[in-house]
Amino acid sequence: FAHGTVNIAGEYSANSGGVGGSGLNGADGGDALGGVGSIIADGGVIIFDGGARTRGTTNGGNVISGNGSGGNAQGGLAEMIARNGGNLQILGISGFSGDANVATSAFGGDGLFGSGSGGNAIGGTSNVLAESGGTIAIAGSLLATSSGFGGNDFFDPTSEYADLGGDGTGGTVNILANGGSIIGTSDVAALTNGHGGIGVVQGGTGTGGTINIQAIDGLVDFSSGSAAMRLSTTGFGGDAVSETDGAGNI
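Here the numbering used here is used: position 237 in the sequence shown is 237, and no number is missing along the way.
Just so you know, the hints here were simulated from the structure itself, not pulled from any lab data. Do not take every clue at face value.
Label pairs and their computed distance ranges (CB to CB) [stated by the list, open to error]:
id, residue 1, residue 2, range
1, I216, T5, 17 to 23 Å
2, G4, A228, 34 to 40 Å
3, G21, G133, 42 to 48 Å
4, N84, G35, 22 to 28 Å
5, G35, S232, 23 to 29 Å
All values derive from a computational prediction rather than experimental measurement. Just so you know, even glycine gets a beta-carbon here, dropped at the ideal spot from N, CA and C.
Use the sequences and the hints to build the structure in full.
Right, here's the structure in full:
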């Protein structure tokens, strides 16, 4: 968080995710909630000689013995913000990548050996924001993700339990220039997919999330590069291994 000047000589990576505990002896895996990871140039300057990554990736707890269900996961908040004339520069000099990555994907915990179900997962919120005269300049690629991956529950030797794949729901990616500028020279990818987990009886439901790209009195410009912009908000239903019900895609 800079009001003055911060210069980081190299690659920068921060992780604010959560991890649920393991399920033992019939207990469920623990639920997990992602935290907050922010890089904010508020009237100041932050310079990264290399790439910059802030992640709130979250993992529900897996079942490692007994018949419990995998833990649920909720992605957190990851953001890069330049506001009030601030300047966030990701330079990619001296052989470094210059890539920017904000990620708040969530992974439901897996079931095991006849457990009840895989955990559900919901992606969080990943923001790249330039506001009130702020500028974000990215020398490399921009990857913003907030997908949800339902946990798997795919081995049931007795068919005693339901064995359902967890549901996966995509979160939200915002790339917004509201009175500011976001400028890049390489490819852009934003993903808020929902992936249902694998189940024996029924696969989990996959529901896509939301991507917002907006410029209001501002500029979003990646036209100086030759690479593409890729956006995906797809839902992928999970497979059913030995019964009849796969899940739908949304």
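Now for the hints, and whether the structure bears them out:
Under the hint 17 to 23 Å, the C-beta atoms of I216 and T5, about 28 Å apart, miss the expected range. Taken as a hint, the range 34 to 40 Å holds for the pair G4 and A228, whose Cβ atoms sit roughly 37 Å apart. A hinted range of 42 to 48 Å holds for the C-beta pair G21 and G133, which are about 45 Å apart. Between N84 and G35 the C-beta distance comes to about 25 Å, which sits within the given range of 22 to 28 Å.
Distance hint for G35 and S232: a CB-CB separation of about 25 Å, consistent with the stated range 23 to 29 Å.
Against the hints set out earlier in the document, a violation occurs for number 1 only.
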